[in-house]
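Line order of the protein sequences matches chains A and B. Residue 230 in our numbering is what sits at position 230 of the first sequence, and the numbering runs on without skipping anything. Residue 581 in our numbering is what sits at position 251 of the second sequence, and the numbering runs on without skipping anything.
Since the hints were derived computationally from the structure, they do not count as laboratory data. Because the structure is a prediction, the values reported are computed rather than measured. Some hints here could point you the wrong way.
[What the hints assert, rightly or not] Facing chain B, a subset of chain A residues (Cβ under 7 Å, in silico): (1) Ser187; (2) Ser215; (3) Leu254; (4) Ala257.
[To be verified] Keeping only pairs whose Cα atoms sit at most 30 Å apart, straight-line, the calculated BS3-like set for lysine-lysine is: (5) Lys29(A) x Lys487(B); (6) Lys32(A) x Lys487(B); (7) Lys74(A) x Lys28(A); (8) Lys487(B) x Lys541(B); (9) Lys80(A) x Lys32(A); (10) Lys74(A) x Lys32(A); (11) Lys29(A) x Lys74(A); (12) Lys415(B) x Lys345(B); (13) Lys487(B) x Lys28(A).
[As the list claims (entries may be wrong)] Distance windows between CB atoms, simulated: (14) Asp239(A) x Arg409(B): 26 to 32 Å; (15) Glu202(A) x Ala397(B): 45 to 51 Å; (16) Met112(A) x Asp533(B): 44 to 50 Å; (17) Gln297(A) x Pro480(B): 31 to 37 Å.
Ideal Cβ placement from N, Cα and C applies to all residues, glycine included.
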Amino acid sequence: MMDVRGEPLLDIDDLRVQFQVGSGFGAKKVVKAVDGVSLSLHSGQTLGLVGESGCGKSTLLRALFGLSPVAGGKITVAGKDVTHAGRRERRMLSNHMQMVFQDPYSALDPRMTVHEIVAEPLRVAGRYNSREVEELLDRVGVSAEMSTRRPSEFSGGQRQRVGIARALALRPRVLILDEPVSALDVSIQAQVLNLLGDLQQEFGLAYLFVSHDLSVVRHIADEIAVMYLGRIVERGAADAVFRGPEHPYTRSLLASAPIADPTRSRQRPPRTLAGEPPDAANPPSGCAFRSRCPQAQDRCAEQLPQLRESDPGHSRACFFPEIPIRAAAS
Amino acid sequence: MFDKSADDGVLLRVKNLVIVSEGPDGDVVIVDDVSFEVRLGEVLCIVGESGSGKSLTMLAVMGLLPAGLRVDSGSIELRGRDLLKLSENELRAVRGREIGMIFQDPMTSMNPLRRVGSQLAEAVRLHQRGLSRRDALARVYELLRSVGVPQPETRAKAFPHQWSGGMRQRAMIAMATANDPVLLIADEPTTALDVTIQSQVMDSLASTREKIGSAMVLITHDLGLAAENASRIAIMYSGRLVETGDVADVFRQPGHAYTKGLLASVLTGSRERAYAIPGSPPSPRDRPGGCAFAPRCPLAQGRTRCQEEVPVLRPLANGTLAACHFAEELLANESMLELSS
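Using the sequences and the accompanying hints, generate a full structural model.
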């Protein structure tokens with residue numbers, strides 16, 4: 001079926017990333033860090049990727065830039081297969097897709113001025129233009145007088161603005177944002193999110209926005225994908241997933257997030273999710289979530305649930321999605 | 331002015347606390363004239379952004395200020411006794427018995443080369459001399475079990491890095507509450523944890539605290555955690571306390587524009603533009619004269635009083651105490667922020 005939005009800018013198809021881990025003696029084990037993930041991203045759209053530490057979201061991002069060992073599947077950027085791209089192709093790729101990192105303190109070279117930091121990718125590409133750099137910095141809210149200073153003189157929020165300007169220097173169409181506001185204070189988070197929203201409208205950017213913070217993702221994302229132990233367990237329009245989560249893991253995530261409203265948070269039912277995510281080197285059989293799932297049944301240990309559509313555009317990988325978590329627990 | 335007796339329900343009384351950083355160009359005031367109380371059995375949340383002085387204030391209470399920082403003036407009374415006048419030995423006894431501490435990442439406070447169980451047993455014996463190693467270890471198992479660590483006997487044999495963040499934080503809670511302290515100080519105890527683990531650890535902390543009946547000061551930047559756990563809340567900005575009150579009052583109708591801005595910045599479900607407080611907090615060295623929030627405050631624009639006179643905490647009609655010259659205008663005008671943003 002033809003998508004009305006046309007070709008996706010970024011398409012990840014059945015991606016698999018595996019690591020071999022040895023424990024000294026005996027056979028080596030294979031860790032399936034990313035296990036059959038498919039995602040696609042269109043111009044002007046934000047896809048929020050949510051998951052807890054160890055779920056494989058960082059490994060997935062690294063794979064996009066050729067930094068994780070891809071064992072299978074395909075990554076397409078702007079119509080071009082870049083799954084196993086070489087050096088030269090990677091350089092071309094940087095015109096299409098760039099990354100913004102979580103920690104604005106370690107992502108910027110402390111010896112360079114902010115102007116030089118933003119200019120660097122342009123210099124490497126052989127099209128440095130001082131005025132263009134100043135315009136970019138001005139666009140993200142860093143004044144001309146600030147641009148001759150070094151990152152150490154900047155606050156966290158300002159540094160993240162510089163990181164965004166640098167990522168935009170080559171005019172990419174896709175930004176990969178890895179927890180871009182997690183290190184920032186609440187009052188600054190909103191400033192950066194608003195900036196990202198404005199830039200997206202202005203340049204028609206596509207964002208892959210990775211975060212563990214559900215309120216941030218809910219605020220910025222059009223679509224949401226929830227990841228657990230290397231697999232997508234639920235995917236759909238942000239509103240649909242937040243209003244009617246269907247996978248028990250998504251429900252637990254939403255129920256665990258604190259609510260900044262004392263009149264509401266005091267009345268909420270007790271949270272139910274017990275235990276911790278399993279070891280990726282030694283996952284449970286069948287559904288990886290079953291070891292923590294309040295509604296797991298025999299079938300969940302025997303078979304691996306696949307992503308299935310419940311409503312158009314909303315899918316989840318669960319055999320018993322219709323059982324609400326609380327009814328199953330009681 | 332203040333009642334000296336400890337039976338007025340006040341457990342901890344911090345009065346006019348000033349903390350300075352000693353630098354080559356003279357002292358810089360980091361925490362400026364902070365006063366608050368913690369009552370027996372209550373949970374006080376201190377909320378603020380990085381650099382607001384919330385952690386340093388509580389480190390001063392524990393007598394654990396890092397080198398280069400010192401308490402310049404003020405008093406810190408625990409049950410009527412001024413902790414600032416105690417010797418290091420006396421303070422150490424207070425920290426182990428009367429005050430329990432929980433920090434953000436317990437990994438950094440453990441020896442990576444020694445098994446968890448023996449480290450915890452050693453900590454137990456520090457405050458219960460005469461306990462045999464075997465008895466101390468048995469006590470460790472009991473404590474770990476009480477905070478929900480499964481199979482403590484097996485896990486105690488592991489090294490710290492083999493423990494997950496959530497389990498390490500539970501161990502920290504177990505140790506901090508081992509001697510039934512009257513006051514728990516928890517500084518961002520779940521910031522490093524995932525959200526499902528965070529809720530487990532906060533539940534474990536709440537039930538342990540209720541069991542021993544201690545008061546708690548919870549330091550956090552997360553307004554959600556504050557709303558769910560605090561009975562009272564104190565908001566800090568640039569080294570000063572700007573508002574304090576019952577958590578329900580502060581959330582319902584804040585009396586300080588900074589509090590109001592913080593609450594408005596909390597992302598809700600809507601995809602509309604988020605409210606953002608303009609500008610960023612000053613560094614202590616560049617703190618403006620008068621109200622430190624004035625350059626970012628919609629109430630202060632064009633008003634010399636805000637630039638010249640440091641506002642003090644005063645009671646307001648909404649039930650909170652706020653440090654603002656023009657708080658009544660904020661209370662009268664609910665849409666103040668929309669006008670300015």
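Hint check:
1. Ser187: Constraint on Ser187(A) satisfied, holds at 4 Å.
2. Ser215: Given a least distance of 4 Å, the restraint on Ser215(A) holds.
3. Leu254: 9 Å, violated
4. Ala257: 6 Å, holds
5. Lys29(A) x Lys487(B): 24 Å, holds
6. Lys32(A) x Lys487(B): 29 Å, holds
7. Lys74(A) x Lys28(A): With a Cα-Cα distance of about 26 Å, the restraint between Lys74(A) and Lys28(A) holds, given a limit of 30 Å.
8. Lys487(B) x Lys541(B): 28 Å, holds
9. Lys80(A) x Lys32(A): Answer holds: Lys80(A) to Lys32(A) is near 26 Å, not above 30 Å.
10. Lys74(A) x Lys32(A): Distance ~16 Å between Lys74(A) and Lys32(A) Cα, so the pair holds.
11. Lys29(A) x Lys74(A): 24 Å, holds
12. Lys415(B) x Lys345(B): Between Lys415(B) and Lys345(B) the Cα gap is close to 14 Å, so the pair holds against 30 Å.
13. Lys487(B) x Lys28(A): 25 Å, holds
14. Asp239(A) x Arg409(B): 26 to 32 Å: At roughly 53 Å between Cβ atoms, Arg409(B) and Asp239(A) fall outside 26 to 32 Å, so the hint is violated.
15. Glu202(A) x Ala397(B): 45 to 51 Å: 48 Å, holds
16. Met112(A) x Asp533(B): 44 to 50 Å: 46 Å, holds
17. Gln297(A) x Pro480(B): 31 to 37 Å: Once the Cβ atoms are compared, 23 Å apart, the range 31 to 37 Å for Pro480(B) and Gln297(A) is violated.
Comparing the model with each numbered hint stated earlier shows that hints 3, 14, 17 do not hold.
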